[in-house]
Each structure stands twice: as structure tokens, then as C-alpha cells.
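Peer 1: For reference, the chains in residue letters:
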Amino acid sequence: MSLTWEPRIVGFACRWCTYAGADLAGTSRLEYPAAIRLIRVPCSGRVNPSFVLRAFQRGADGVLVAGCHPGDCHYTSGNLFTRRRYSLVKRFLEYLGMEPERFRVEWISAAEGHRFAQVVREMTADLRRLGPNRKMREET
Amino acid sequence: MNERQAKLRSIAGSLLAEGRVSLFIGFGPGLEPSRPVPWFAKNADEAGKLVLDPFCGPGLARYLLDETAAGPAGIVARGCDGLGLERLVADKRVGRDQVYVVGVACRGAVDPDKARRLAGRPVFGAEVNGETVALTTAGGRLSFPRSDCLLDRCLACADPSPRTADTWLEEPLPGAQREFEGVEALEKLGPDDRYAFWARHLERCLRCHACRNACPACNCVACSLDNPEWLERTTGLADHFMFHFTRAYHVAGRCVACGECQRACPVGIPLMLLNEKFMKDIRDLFAVPDPHRPQEAEPLGHFSPDDPEGWREGDETL
Amino acid sequence: MPRIGVFVCWCGLNIAGTVDVERVAEAARAIPGVVHAETYKYFCSEPGQNLIKQAIQEKRLSGVVVAACSPSMHESTFREAARMAGLNPYLVQIANIREQCSWVHTDREEATVKASAIVAAMVAKVRRDEPLEPLKFPVHRKALVIGGGIAGMQAATDIAEAGCPVILVEQGPNLGGRMAQLSETFPTLDCASCILTPRTAEVARHPLIEVLAYSEVREVTGYVGDFTVKIARKPAYVDWDKCIGCMLCQEKCPRKIPSDFERGLGSRKAIGVNFPQAVPNRPVIDREHCTYFEKGKCGVCAKICPVGAVDFEQTETVREEKVGAIVVATGFDVLPREAFGEYGYGKYPDVIDSLAFERLNSSSGPTDGVIRRPSDGKIPREVVFIQCVGSRDPDKGKPYCSKICCMYTAKHAMLYRHKVPDGQAYIFYMDVRAGGKGYEEFVQRAVEADGALYLRGRVARVYPEDGRLLVKGVDTLSGQAVEIAADLVVLATAAVPREEARGLAQILKVGTDEHGFFSEAHPKLRPVETMTRGIFLAGSVQAPRDISESVAQASGAAAKVLALFSRDELAADPLVAAVDESRCSGCLACQPICPYHAIEPKALKDRQVASVNAGLCQGCGACAAACRSGAMKLKGFTDEQILAEVGTLCL
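Residue numbers (the working numbering), protein chains in the order written: chain A, 3 to 142; chain B, 18 to 335; chain C, -13 to 637.
Pulled out of the complex, with its shape left as it was, chain A reads as follows:
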């Protein structure tokens, strides 16, 4: 454990858009904080809302669900279900007491490497300010 605390962000990234966008950030050598760790999924529509809670439970300080922009889904409609599901889930998490900054849903295309890096920077800055998450988290 280093002396300065750094947040931990778990990101669920659709393989066609956001994961490829993150790769583009890499090939463009855009620097961003190492807080983010991505899980590659076929589509943001695959992301079960309970995965998000599991991440908080196991110690994530922030969670990102990201996929193709509406209308651009590789599977036509997956992200439109994501939009419905996470419109509710985001509000529900906050209703349970989670700070809004800790959970984000973003549309990041394969061409938006800059945007991916920007979202990670923003989230990391927000989480540094908020400090470690203790809510809904397992005792360690």
C-alpha cells in the first residue's frame, strides 16, 4: 500500500466502441490516471446492474459503464436497453446513498480516445476529492 491513497475505478467497456476508444487513447499515447481498470464486454447491454454493485462491494471507489452512442450499437439496440436500465440504476444507487460522482454511464465511441481519457481524468479527480468509498462495501 502506498502512502498516498489513489482511487480504484472499475470500467465496463463494450468491445466495439469504448474498449476500442480506450485502445485508441493508448495508440495516441494520451496519458490518464492508472485508477481505471477495464472489463471488456461484448456490449454495454451485457452489463448486469448487480455487477456494478459487486464492484462497490469489493472495493471499487468508482464504476464506469460505457458503450457506443445510442444509434451506433453494433447490435443495434443493446445500448438502448443500457440507457433504460442505467437511467433507473443510477438513480437507485444514489437513492441508496451513493454519491453521484461514483457511478457514471458514458457513451464513448471507438474514435473518442480523447473523450475516454477525459472521462477517466474527471472521474479520478472527483474520487480523489470524495475519498475512498465505504458505502455498500465489504469490511476488510
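Bear in mind the hints are in silico, worked out from the structure with no lab data behind them.
For every residue, glycine included, the Cβ atom is placed at its ideal position computed from N, Cα and C.
There's no promise every hint is true.
Unchecked claim - Below, computed lysine-lysine pairings styled on DSSO-like, alpha-carbon distance capped at 30 Å:
1. B:K109 / C:K495
2. C:K591 / C:K495
3. B:K59 / C:K405
4. B:K109 / C:K591
5. B:K109 / C:K588
6. C:K289 / C:K308
7. C:K216 / C:K242
Stated by the list, open to error - Okay, the calculated bits of chain C under chain B, using three or more residues with CB under 8 Å as the criterion:
8. 575 to 582
9. 616 to 625
Given the coordinates of chain A, assemble chains B and C onto it according to the supplied hints.
Peer 2: Chains B and C only, in chain A's frame:
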């Protein structure tokens, strides 16, 4: 003396005698007059013991899940039972043609515990008259405000009668719109206070699964929350959050607001405040006026190309 | 106990420059189940791959994690290497420590810790991987083309020319589609039938094309490579096998009725063909208008037929065919006349639509190619053309541009001027859209050489006065009200999908847009494919298109079909959804969520469950997220795998 009860006994009796149903689900005598129990009449004799009074509290729809295998079942249905049945039918767990619905107009059920506390002595009977409830005790009749006596689930009820029935015991009453005052009050708190609220309640969870077992929407053959990959057998607060978050999400857009989960909870967790949050947001975000009544297209089973991004507008409504 | 091997690539200095690869390997060795970890400069190189193969064999590895570049770069490379070493390729996972770690972080400590976490997550994932085999589907090298217009015929010809048999289904009695109704074509002014007829004849005599005219597709089941289609042949009441096409029946039939083909400007008989060059040249009895069917008497056709081909008892027959691919080319229609009260369409005989004007121009049309107005046969001296009738009009529910109207209206103005040299054509337009090779020049020719007068603006009203039609509108460029007394008004009505298209879309389980045009899989990158593998689009079924575009798209669709047919078996990614029937409640919450209609109920002894058609599933996993009980599993991305990744990454 109780005309409704007599009529119900006669309808159920003939349904059973004619062989139109193999079983009739209603209420029967419990250990105390204020605690009638779910009753499964298999013949006219047993139908003769059916009870129908203001103490008939528990939801009945869920029993259809187990009881329609042997043939059609009859059921006395209040609004909550009717919506529960609709849920089971929508989930293809019960065939509508396997159920004979006797619809009633329910004015709310008296909570036996509240009644006992208010009366200060055992209660033998109750009568709901508009905004007051008359309780019969050994010491005579006592009158209390309705809002002090009814089950929590009945106080918030917007569905006195089922939406459809095969026969009506009495003239059905129209449904109303549900309000979400409890949710709105909680939304006004800050994140930390909200978390403290939920932590305080969920800490008490025994994970007895009474909520799940009472719920007509929790009708899966197997539950993912029994899978140790999803939820280990540990009972820390984080696990309780996982359990109740997942359960609330799984019934989002499907909950019929019967309130059975909360009624069944032995430690008094306000579970309906979880379910109602989803209802309120489904109503507001996706323009579903009555999200607790099963829809032709499930709110989470379809989308609209111009759905809002609820997380962006989230902050001002929260 | 699993035996996982971890291979940490330096990628030269790309990774090793930022990440301490030795420490990552060291950390991997400490993970339970990892029996081997090593680093190398370039694992994607031949010697690098050999190291992996060697370790798989020597250490009897049950799973491999390669920590290297993005899976989009070398996942297939390493999976193939594993396969060659005898390990199932789906037991290989890639830890992306280059694009998503070494290239975006500078702090060596942080990058190394993160790389180790990514490796640990992939170890957790690969431990829960199961060996998978690519799904294999047989390919029936036979195509179904629906629609016998120019697009359908082009697709059929291209496929057949490559040696694959084609069934060409046309709902009408003859091939040719909309193009058969046209007089000349833009921008060359070729006569439509001069270019269409040879093509039609070619299709009809092609040994590998079977034309099923007067037929409809009723049912499609199966999936790419292996569709089963039911095709109904509607009763023509003439035995086409016996018929010799002498058309004596048509000649002698006493019943005259208005012809749809002539847009009501001409008549036809209750038995016969639409036009003389029709292929197949076989008559059909119009049951609704036939005296025999109405009154039980007449039967002149049956009496006159020299071969006894007329068969009033004929019934619909249905045949079943196996095909590997389907091309949909059902074309378009134009908005019905009821929609345009303000222009008097349907009320005044001299207000006609552009298709009717095509027929007036056609040398085989009702006026033998002389432009006469319908009311009195007079040759019109002034003709008003109105563009965007219905198109680009949200009030009429058609906000889109019908695309072909600007060009054919310019063509009409030219043809009119060529036939009536002292006539004047006026064209009301919103914008002139003439993108296309030679198109703008064509429009300019209409203006400069043929004197078409373009007026920018909408027409407000058309009403009759003194035997002519008064057209009132505004020229928005000069801001002046315009009033023209015209002999004939021609409306460029919006192109819309054919009425039957919606039903066909449902049969094919292919999506449509809000207007009913079929949806392509991707507007830019997959314009001829649909979301259902093996079903392709050609022509105006997708959106309004002109002939050259339709033909190009048809050839594109044919190329896609032939690419499918170039293989004996289709291999599909096995990362698809599957149902654990013991956990499935059969609620089918997954069904409406599947974009591929791959989920159907399946009856078990005591209840129903969901089942996934692996041939249709594309592995998006939306169903798995919708499944409450966890019965729906997406292979390669199971709940257990993702939960394990989450748990590991949070450590």
C-alpha cells in the same frame, strides 16, 4: 351476519361441487379471530369455512404458483391478488385459464398487531367504515382512525379490486394512482443520510428470504441470489445491500405493489421504499402512468429511441 | 486444479519501458493455479509463439494468459498458436497491458501494479473458460431473391453467373418491376424497355435461375446457410405449363377493366398480361373482375384456348425450398392519391402522378407514346410538374427525400419538350438534388436546351377553370405569387415502401425504419446486409433509389451471397448465449430484448423454457443481463467470469 362471506362460501362451494376448480384459495379460521390464515378448500365442506372479513390480510396470488398444477384453482381476489395473478400470467408461470377469479372490492385489511396495540386487549372483530375502523373487544366496540389500523400495504393501496375477474362478489371499485411520498421524502435527504437510513434498516436483515417467498414477482424456478458466485452465505451489510439491490432491480417494472415483501419481513425493513423508487422513476422517465400494473410491454423489456438519459437529468429530480 | 500459463510480453520497450514485466510475471506466479510465467521480447513473433506452444505442451497448460497488446491486435494470433499446440483456442485470454496500461501511464510503479491486476483478472477469467468449438453450419448453395424488378434480376443474374442456383420470386405475374412501367431513363434517355427486355430475357432463360412469378414468400425459418422458405404460387387460373402464350384469350376476353399497370390511364382485359413483352409471357385471370367468377357464365377464354390451359379450378400451391441466403428486392410504391386533396389528385383527371406520365410517354403505353391529357386527349401546351409531393413533408409523415424525383421530373420536362416542341414545362421545386454522375448536367440541359422553367416554391392549390387547371403557388426566390393555367399537372409523389413490405419484414424477422423501409445492418459499413445474417437488401426496399444505385446495390448483395457460398461450412463464433434449462423459468423476459429474434420458447415435459438459436445469436449478451435467475449464459462472458474479473480488479 356477514353477507359477503356467505356469498363467497356459496360461490366457492358450487365451483368445487361442479368440478370447475379443484381447489379454492381464500382465507380460513386461524388461531385467533384477528388472524385468519390462507385456506385451501378442496370441497364444499371446506368452502363452508371460508372467512371474509377485514382481518383477511396476507396476499394470496403467490399461492397460485404452487396450486394450479393439479388443475384450475379458484381464488378470492382483491386488487393486490389480481395484479399478482397478472404478474404470474405475464411471466408465463400460471395460465390465466387455470384460475377462476372471484373479484371483491377491498377497503383495506386491519393489521392485527396494530389493532391489538390500539385496543390494548384481544380483538375479536373489525369493521371498516369510511375513515374509521370499529374494533370489537371483550370490553365493547372501540373506534380508531383507519390510518392507524390498516396494514401498511393497504394504506398505500390504489387497487381495491382486480382489473378483471371471472365473477364479482360485489361491485368492483375503480383503481387510483399511486403516490410515492415516502420515496420523495427520502430523496430530499443528502447521500450520507440516505445511506445511513438504508444501512440502519438493512443491518437488521436476517436473509430469511420471507420477502422473496411472499413476492408474486419473485417467481423464478431458481434464484440467482442462491448462487454463491453472486451472493455468498455471509451476512454482512454489504451482502444485504447486494441482496436487496438485486431483488429490487429484478422486480423493477414488475413489482405489483402488493406490499407483501414488507408485510412478510420479520424485522420491519421498509422494502416497499426500494420498489417504489423504481416505480416512481419508471413513471417519470418512461411515461408509464401506473408502473405497478403489468404492462403490455414490460418497462425494461423494450425501449424508445428517444428515451431520456436518466443519469443526466437525475440530479434535479433526486 | 487448473494449470495456467502467463506470458508477459515486453513488446520491445513499448511495454517493458513502462511496466516492470519481470515483476508482473513474478506476481503472476504467486496466483493459485498459475504454474508457469515468463517474459519475452515479442510473443507475437515466431520464436515468441513457439515459447507459448512449448510451455503448453511441456507444462500441460489448461489455460493461457498473454499479457501484451490489445486483443484486437493479436488475440487471434495467440489463439491459433494455442490450437496448434493442442490447447482449445478459447482457453486463451489477452491481458491488455499496452494500449490500456504502458502507453497511457508514465509512473512505472503504478503501471506495474495495474498490469499485474489486469493479468490477475484475466487469470481469474480464463480459469472459468470452457473449451469451445466454432459453430459450423452447412451452406445450401442456393439463393432466394425476392422481387423481380431490376434489382432482383441483377442480383439473381450475378449469383447465377457465378454458378449458384437462384430462385427468383416475383409477386406479380411478370418480371420487370417498376422499371417496366418507365418510358426513358435518366441521365441517358435510354428507352427503359430497350435495356430491361434483354435483361429480363436473360434471367428467364438462365439455366440456374428459376423464376417463380405470381408467387409470394409465406414463411422463413432457419438461419444463414440453412433457411427453409415456403413459397406460395397464387392461382393464375391458367396452366402455365400448357399455355403457349398465344394470348388469344386476352384478345377475345369480353371484359375490359382499368389497368393498374397503366396507372388507370388505359384498360386491360380480365385475362392477359400487363404488357406485350411480359416475361413470363403467360396470362393471369383477374378473379375479381372476371365474368365467369362473378356470374358463373362466360368462359370465352377457356373455349378459345387452343391447348385447354384455362383452369378455373386452379388453387394456390405451396412449395418448400432450402436456401442459404436471401436477397430482398421488393422495391417501392408511390403515395396513394388520397393523400393530396390540395392538388386535386384523384378529383381532376388531368392531375396525374409521375408514373402515369411515364406511361403517357411510353410507346407501348395507353397513348402509344403521344402525350395526351387524360380528360379529353388534347395535347397539353402547358404542363406543371410539382416536386416533393409528400416527400420532405413531415405533415404527411414523410420527412425524407424520395431522391429520384428531381431527376425524373427533369427527364419528364425534356421528354415533353421533345414531343411537344412548342409546349412549356413549369417545375415547382424545393431544391434540385442532382448528385450523381452526369445528373447535374442533365438538369441543366432540361433548363437550357429544353426550356424547362424552374420555380422555387410550393404549390398552394390546383383548381379547374375554363377547361384548364389553375395552379397557384409562390416563387419564393422572387417572392411573387405565381399563377399558371396548365393543361396537365404532374405530381412527383413520394416513394414509399410497398404495402406488403411490413408483412415480409416480419416473415424475415428483419427490422424496418419508421416508414417501413428495411433497415440495413450498418448505414455506412454494412449497407447491403440486414441484422439477420444471410439476408441482404437490394434497391428501393431499403430507401428510395434510382436504377443505377439499385443495380449497384444488387451486385453488392450478390457479392455478399457469393462470399457466403464460397465456403462449404459457415463457421461462427461460439461466443453465443445458451440456456441452463434447469434454472430457466420460461418467463421469456429475454425474448423481446434479443435484436436477432434468436430466442424462442421450448416445451419441456412440465414447463416451457427459453431456447437460443445459435445460428441467429450474435453474442451481444443483452439477454444474459435481462435474465433474473442467471439461466441465460453468454459463453466467454458468463456472470461467473465477469464477477471474477470484478473481484480481482478491486483487490
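Peer 1: State for each hint whether it applies.
Peer 2: For each hint, the structure was consulted:
1. B:K109 / C:K495: Since the Cα atoms of K109 (chain B) and K495 (chain C) sit roughly 23 Å apart, the hinted pair holds (cutoff 30 Å).
2. C:K591 / C:K495: Holds, at about 29 Å.
3. B:K59 / C:K405: The given pair, whose Cα atoms are some 90 Å apart, is violated under the 30 Å limit.
4. B:K109 / C:K591: Holds: K109 (chain B) and K591 (chain C) sit about 15 Å apart, inside 30 Å.
5. B:K109 / C:K588: 13 Å, holds
6. C:K289 / C:K308: 40 Å, violated
7. C:K216 / C:K242: 34 Å, violated
8. 575 to 582: Coverage by chain B holds for the stretch 575 to 582 of chain C (3 residues, Cβ < 8 Å).
9. 616 to 625: holds (count 3)
When each numbered hint is compared with the structure, violations occur for hints 3, 6, 7.
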